[in-house]
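Residues per chain, in single letters:
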Amino acid sequence: MAAANRRAPPLFWQIALLLVIMAVCVFPFYWMVTTSLKTQVVALNAPPVWFFEPTLENYREALFEDGVLDTLINSLIIAISTTALALALGVPAAFALARFEFRGKKDLWFWFITNRMVSPIVLALPFFLIAKNLGLLDKHITLILIYLTFNLPIVIWIVTDQFRGVPYDLDEAARLEGASQFTIMTRICLPLAMPGVAVSAIFSFIFSWNELMFGLILTRTDAKTAPAMAVSFMEGYNLPYGKIMATSSLIVIPVLIFALLASKQLVRGLTMGAVK
Amino acid sequence: MRDRVSRRTIFAFIGPSIIALALVGIAPLLYAGWTSLHFFNLTKLRRVKFIGLENYGTVLTDPVFWEAMGRTFFLLASALPIQVALGLGIALVLHRPGLTLLKTLTRLSLVLPMATTYAVVGLLGQVMFNQKFGVVNQLLGGADINWIGDSTNAFIMIIFWDVWQWTPFVALVLLAGLSMVPGEIEEAARLESKSWWVVLRYVQLPFLIPGLVAVLILRTADTLKLFDMVFTLTRGGPGSSTEFISLMIQRVGFRAFDQGLASAQAIILLIITIVLAQIYIRVFYKEV
Amino acid sequence: MKLRNILASTALAAGLAMGAVSSAHAWSLKEAAAPYAGTTVDVVFLLRPGYEAIEAMLPAFEEETGIKINIIKHPYENALGEQVRDFVAGGDLDIALIDLVWIGNFAENEWIVPIDKFTTNPDLADPNLDINDFFPLVLNAFGGWNGTVYGLPFDNYSGLLFYNRCMLEEAGFDGPPATWQDLKDVYGPALTKDGKYAYALQSKRNETQSADSFARVIWPFGGSFLDENFRSNLLSAESQAGLQFRQDLMQYMPDGIVAYDHAETVNAFAQGDVAMITEWSAFYSTVVSADTSKVADCVEIAPEPMGPAGRKPALGGFSLAVASQADEDEQAAAWLFIQWATSKANAAEYLERGGVPARQSAYADPALAETYKFIPALVESWQDGVPEFRPRFAEWPEITEIVQEWGTKMMLGEVTTEEGAQILGERMEAVLEEAGYYSGDKPLAQ
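Chains as they are written, first to last, in the numbering used here: chain F, 1 to 276; chain C, 277 to 564; chain B, 565 to 1010.
Bear in mind the hints are in silico, worked out from the structure with no lab data behind them.
There's no promise every hint is true.
Stated by the list, open to error - Restricting the straight-line Cα-Cα distance to at most 20 Å, the calculated cross-link-like pairs of lysine-lysine (PhoX-like) are: (1) K132/F x K320/C; (2) K320/C x K937/B; (3) K760/B x K858/B; (4) K1006/B x K325/C; (5) K760/B x K408/C; (6) K139/F x K937/B; (7) K408/C x K757/B; (8) K408/C x K858/B; (9) K858/B x K937/B; (10) K937/B x K594/B; (11) K264/F x K379/C; (12) K594/B x K637/B.
The following block holds chain F by itself, in its conformation from the complex (with noise of 0.2 Å):
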């Protein structure tokens, strides 16, 4: 059919497009590879220089001087935490909204989706004095908390979909049996809507992950997130591009290697509920 277009583009100028598509995708991530292997004297040759004797040193000072490594580890115990919650929580929820008839359902639902709207900056200054009162300031905990207004919305908003799909004939038959409410969920509509839990699961690990805003506020040392411990290279007296950039790799390359793996999952639920 794409031959019975007289317009279509020669495959020759398809081929150029996708290319360029690709490299303007991927450029900014050598990039960021190439600096973070660069000394700080090749890092600032103007103009830039594209090939040059990579050291490994910026990593080193970063992960093992610096203490990037312990921020990955905070990060990573935050984020795993709080999507397991964010699960725990949502996955009831969207069953119940999904499967139940009550009043006030349509207003519940859009609260929840709004919080997904809602700026940090809203919920960040009176979070913080919360915790300053509460003494849970530079815990693990309260960013596991905080994450929720993200990941909460994500979870019930994509399963709650999920479950919609799935057959009610096979509740009906399950409660026939004399299955309650819960085990309907558990063992028959959960299966079939792991699709979409996974997916949900993947953004709200990846939104945690990335989270600058709340860490910056919330944490000072011992939790300090990894995001925030970036930034904190940023000092106006010198700026080690080098370090930034190791840094910046140790932070974005998991998560790139864990979007590509799941990257099916991903487009799916970009594109849920959008399509439709």
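Assemble the complex: chain F is given as a structure, and chains C and B must be docked to it using the hints.
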């Protein structure tokens, strides 16, 4: 048609979520509401006092606040059309048959920008757009463009990164929309009309609408939230030329320490967000 | 608590009883620290040369005292926020790192302890503390507020003119400009060519804009932030002359100077792109080291140029003070560290490792000026300076944000210097009004 389920059961399923979100979402808001009615400066906590709506009055009449708000919507209005145009173009190319391997690779590389930590995008921007040792000027044939220190250029640079990071999202959403078009209808349309535009407009567009709506909602919300990338790239500068609303509130609350005023600003931002979300969701997402 | 008091008084009695013995023994850090061995002291440090210098010296202190110093590093621009949040939250910091413009704020909030508490305690006070050995201006400006001394000067700066002798000679100058006017009218045109610039003034919208850029141009021209009634003085002819001078001078600075922070400015100088900068003494080691500078052999230092109102060099720097939220042991340990880090005995090593001590005795040896070219200019500018170069009162954090915003807008040409000064003045007065300066609730101290 559905089960009659007892209130207790419903609550058992949905209650924990409501409580959790109320604790982390509503309680801080109530507290913000309280601080917004007070003179509340972090470095002057002994002088906290009730001042009624004075902070709101200050915000509503402060041109700096509204300029930041206007700037935020200007960014949305400049970046979103580019993202949609490019995204649609990419989606149409990827939707064509053939070149499967290359297209799979392209789809994979589209995932990368979206997953990138926003703060890192800003750091990358600093490195790549530096006037002297930045690779962007080099790629532009040794241009001597001052990206970070010039108001207009800095804004263009922010648009560039926003487009870089989110065009793939638009492209993938629209691609999914295109794939919903039943093959036989599309084929029939192509036989009938030689113009891709006609096919797009009358056959494919209806399937793209929901995706475009989702893009509009999410990009609006994300632009109002935009903080990390700009914070690490320009910190709102030069001057105020890239000071978007979330950056501005952060500055008032955590650099000038005026939490009372910042809370009032945050609450006004929240109201604007909710009204927009209401409009969007009620208009476009009817079903639950 | 009671038990502790009893123990303390018993110890005191024992101390008095053994008075004869202890006065025979000289005071030693080791003995003074003995009760606090194992105590951890938390302190915020910046990523700057003076901090690296003391960090390198730290093992000796920790070994001798058994006190552990836990350093938390922050960029300057985050350091105030981090510390304010920690103090408000009753956090772990045992030492406050105080930029001179934060002292009024920290003191009024009683986040820091006056040094009296320790200097009057013979167990803790080093007999060689010699507080009068600090440059009086520096001690007063960095560590003192309203007649009370809270902190000891630790990381000390004065603004200096760094110039590239080779570039100046090539253009036919055998010395640096003596006045700002010369810098603009004579040196500016001669040195700005072929992609090189005569001068760069770091002006990024953060504290740099207020301290390094805005304040630097108003004072030498006779201007100031406030008049004697604490009303804005920015519309005065003198302040306006200074601000207008800065606008005119920009033609001899690189483009996008409003995005230049210290790093960019120092780098431009070190790369040989800019002939002169006015920067803090702390950058000396950066511009003379061959690792970081292409012009190391050409660097010379002079005091900042004079304006119609004389030489009013930028004044900045940090003191360390004991935090009142720390418990007694931590306070004692913190004091011992501060006293050690700023001591006369350590000043020479501190200087050698890249720090800048505020001890007069450290600069007594005239031979030092050959190794450290910045010393004569530094000592000169610390003789008399303007402590309120930037007002040091508690309202500075709010006011500096306003200065930063409107100062950069002036430079970008979005407002004229008059319009900008008008708005800036109004907003500044609103903050001061709120604070109670005009109603007489608060003494006019800056």
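Okay, the hints, checked on the actual structure:
Among the hinted pairs, K132/F with K320/C is consistent with the structure: their alpha-carbon atoms are about 16 Å apart, no more than 20 Å. Among the hinted pairs, K320/C with K937/B is inconsistent with the structure: their alpha-carbon atoms are about 43 Å apart, more than 20 Å. The hinted pair formed by K760/B and K858/B meets the criterion: a straight-line CA distance of about 15 Å does not exceed 20 Å. As the CA atoms of K1006/B and K325/C are separated by approximately 17 Å, the hinted pair is consistent with the 20 Å bound.
For the hint pairing K760/B with K408/C, the CA-to-CA distance comes to about 13 Å; that is within 20 Å, so the pair holds. For a cut-off of 20 Å, the pair hint linking K139/F to K937/B is broken: about 47 Å separates their Cα positions. Pair hint K408/C plus K757/B holds up; C-alpha atoms about 17 Å apart against a cutoff of 20 Å. Distance restraint check for K408/C and K858/B: the Cα-Cα separation of roughly 16 Å lies within the 20 Å cut-off, and the hinted pair is therefore satisfied.
With a C-alpha separation of about 18 Å, the suggested pair K858/B and K937/B falls inside the 20 Å cut-off, and the hint holds. Between K937/B and K594/B the alpha-carbon distance is near 36 Å, which puts this suggested pair outside the 20 Å criterion. Under the criterion of a C-alpha separation no larger than 20 Å, the hint pairing K264/F with K379/C is consistent with the structure, at around 14 Å. With a C-alpha separation of about 27 Å, the suggested pairing of K594/B with K637/B is violated against the 20 Å cut-off.
Taken one by one, the earlier hints fail for this structure at numbers 2, 6, 10 and 12, listed in ascending order.
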